[in-house]
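**Q** Which chain is which? The protein sequence lines are A and B, in order.
Our numbering puts the first residue of the first sequence at 722, with every later residue one more than the last.
Our numbering puts the first residue of the second sequence at 198, with every later residue one more than the last.
Just so you know, these hints were derived from the structure itself, not from any lab.
From the three backbone atoms N, C-alpha and C, an ideal C-beta is built for every residue, glycine too.
Watch out, some of these pointers could steer you wrong.
[As the list claims (entries may be wrong)] The calculated lysine to aspartate or glutamate pairs, modelled on EDC-like cross-linking and capped at a C-alpha distance of 20 Å, are: (1) A:Lys961 <-> B:Asp482; (2) A:Lys961 <-> B:Asp481; (3) A:Lys961 <-> B:Glu668; (4) A:Lys961 <-> A:Glu884.
[Unchecked claim] Where chain A lies over chain B, by a calculated footprint (3+ residues, C-beta under 8 Å): (5) 313–320; (6) 500–508.
[To be verified] If you want the ones that stay clear, here's a sample from chain A, every Cβ over 10 Å from chain B, calculated: (7) Glu740; (8) Ala780; (9) Asp810; (10) Ile835; (11) Glu882; (12) Arg935; (13) Ser944; (14) Ile1044.
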Amino acid sequence: MIAAADLARVPCRPAPLAEPRIRIGLGPGDEPLVAPGDAVAPGTPLVRRPRHPQVVGQALRGRAAPRAGTHFADGAPLVGDGRRALRFDGAGEVLYVTPAGTVRAVVARHHGVIVSPVNGAVESLDACALVVRGAGPAIPAALAVGAPSHGPLVIAVERPEAELHATQIDVRHAGAVLVAGSRIDIEGLTRARAMGVRGVITGGVIGGDMLALRASLDRQEASLQASPPFALLVLDGYGKRPVPAAAWEALTACGGEAVGLSITPPLVLFGPAAAVPRAEPGRVRVAAGPLLGRTGRIVGSSGLRRRAAGVYQECARVALDPIALPGGAELVDVPLADLERDG
Amino acid sequence: MTSGPHAFFTIDIGSATVAAALVARVDGRWRLLGAAAAPASVAVDALLGDLAARASAAEPDLLPDAAAWSDWARVESRTLPPPRLVLAGPSERAAEPLLRAFTSDGWETTAHVTPERSGALDAARALRDPDLDLVVVAAPEGLGRGERDALADLLALIGATAALRDGLAVLVAGPAAGTIPQLPSERVTRAHGAGDAAAIAREMVRARSDGRDAFVRAIASLAVLLDLRVEGVDVGLDASTRVLAGPDGVQRRLIRADAALVPPIALDDLAVLDRIMRWSPVADDAYVVRDRLRNLRLAPWRDAAGDGARLRLAAARAALAHLDAAWREEAREGRGGAGRSGRRRSDGMLATPDLLVASGGAFATAPGPAVALALTDTLRRPGAVAMALDHARILAPLGTLDDESDRRRLLADLLDDLLLPLGSAIVVPGLRPARKGNLRVTVEGSTTTLPLAPSAVQVVDLPPGLAATAELDAPDDLFVGTRARRVAFAVAGGIGGLLVDTREIPLRLPERPERRREHLDAWQRPLWTNADP
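Generate coordinates for the entire structure from the input sequences, incorporating the hints supplied.
**A** In structure tokens, the structure reads:
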């Protein structure tokens, strides 16, 4: 029998979202290409972002001061007419006008474009952020790095606890979003980017690999050659961590369909028609310790237990689901804090 | 049983965990019947119902209407992530006092904008952070001409950027700034100086720091009630608090976001992780330990036994050490700037309190003796101190009560229940290797003599409820709060006993990782003895 009171004291994993909000932070010089209420689809350009922006100034010399936040094209007159017009060498945005009468603006010669990772609509837009409301469900993740991206979902491993090695990634995966199991290392991530993969979803990542990827993405951003967007989404945390069972079921159910990856907040975004399987009531997952990733059901309370290092913790008796061989469920005592259930 | 309310819950909702306690009237006084903690994602009612059911099952007559637990009063404190600010100033010199004031008041400074430090692009980026709560502008008197020009330029940028977004408040500290171009005056708040600005800002975001302020108030009430100098430390996931209070009220408070258990920046900053790892006795690959610490940030309730417990206390030690360094720095600044009265005040800040109270989820599952050593390792002052743990995290909720007399009355009733006695520590630094001393501990007429070795931690068994006299007999003058060869301390027992610590102040740890871990393990092992089942 499932002890309802014990189950209620198991921490919840964030539930799938029905109407996810994806936030694109806007910086100086970013030019929104959509307006609130606009419908967007995967690949719709959302924001034009300057590459290598610089702040430059021009004296007003009696001309009317332009409003801060005004966007201008390369060489286009900002204020004034003809030869007296105020122009900047490069496209950009007016930042402010100094007390001495100098217009300071952020300009760039090259720009990149941030595209929508999902079907939906632009919900809000201001100087700081653009928010898209997704039309389909989404699974929350723990961490993300890179840029919003999208592509067909490819389950690249057979089991949620398997690892994806660099040698398993090739040109067939170009444009895809790969599900990489419990871990992918920096070699695998580098190869994935080289093969044109648009994103990787994994249960865990080594912190050093995450930092190396971020540094590599920053270097790519600093180069003159723009690269397609790439995102790494980590569902559970640092280290080698199996893809959580409910997320694995949702991902495998949507294999081959287009998915999007959001960075802020970290989300796996599904299409409007996607049906994310509902979590099985009463099922729990071990989220820490040697049984990490195993699922099962609480059959009762074990009370306060003395554990390694003299720590006392409230535990539950869990009947673990069999891994390979069918047979009787294995009974273990697991601290409530080390369990999780789908919310 | 009285006819009035006979039971209520205290609830402390933190960033990582929620702690609840059931308090009921028993034989005419309030008593703690039970307490529990759970990850913050667990519904509070699940905890409360469980507490009521357990108490009722153990003593059915104590709570005659236990089924009506959902109607009982709840005294709740809530702590949110620290508020975020951009600090702008015409020069480093002008901005520095504000940086110190806001950093000491629990703010997270996301950008520090001065002409020396950042250009217009960085400043504009920082001002467009969607999660920003406040922009603070330093505009003190006595600016040079270059600083005045820089301030005018800065105000123009801030005005232009703030006008593009709704709701961002701007606080100007000092008289040197005029109107801010493009920004309506109702969006600008003015303050006289750094201290005034921090106080005004605290009011502007009062809800964000309510739990931490409540902890400060509760410690102050405790100090009045006990007529003692009481110091409180609370290590949380997003910030840590330290407060010193005496019978006359709060003497000093410090809230630091960068002294959190594992600050958010630790996910990406190896230096911050390595600062924590310096306190770790866990022998494992560095990258594995770093990832475990990162996971401690993401899900702090998990992995709380075994090496997970040791790593958690390593993170708590790093947070306490960082808090202590900031505390000492402030004390030094007080000495430098405030003359003789300031010297007395700063000496008081560094003097050993009578009672040290620890609180927060960081200590929730750790064995008491290990917590006692963590406090002794980091908040190091010569002399003797009694230590206690707010094990049910009741202090912050009680601190939310508006009426001081209510708070004291409840504290008086609950005192024996809410403070878990960890024991006492006597810190005797400066013992020279060839000149050994002795410590005689007398408990209920029975005396034990303990030879003192330099740079060591020794544990004397002194159970909770017992008081003892510890007499130090050294061959040379030692500074233990006072300079003497022979001095006696009254010490109280606890689950950690009496810790006798002859290590240096501050604690010096070897630079080589293996050697450092050996030292930490040697000091900590006796307090985790027989800990593994």
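**Q** Evaluate each hint against the coordinates.
**A** Hints and how they fare:
no.	hint	in the structure
1	A:Lys961 <-> B:Asp482	holds, 14 Å
2	A:Lys961 <-> B:Asp481	holds, 16 Å
3	A:Lys961 <-> B:Glu668	violated, 54 Å
4	A:Lys961 <-> A:Glu884	holds, 8 Å
5	313–320	holds (count 3)
6	500–508	holds (count 8)
7	Glu740	holds, 19 Å
8	Ala780	holds, 14 Å
9	Asp810	holds, 17 Å
10	Ile835	holds, 15 Å
11	Glu882	holds, 17 Å
12	Arg935	violated, 8 Å
13	Ser944	holds, 19 Å
14	Ile1044	holds, 22 Å
In this structure, the earlier hints numbered 3 and 12 are contradicted, and the remaining ones agree with it.
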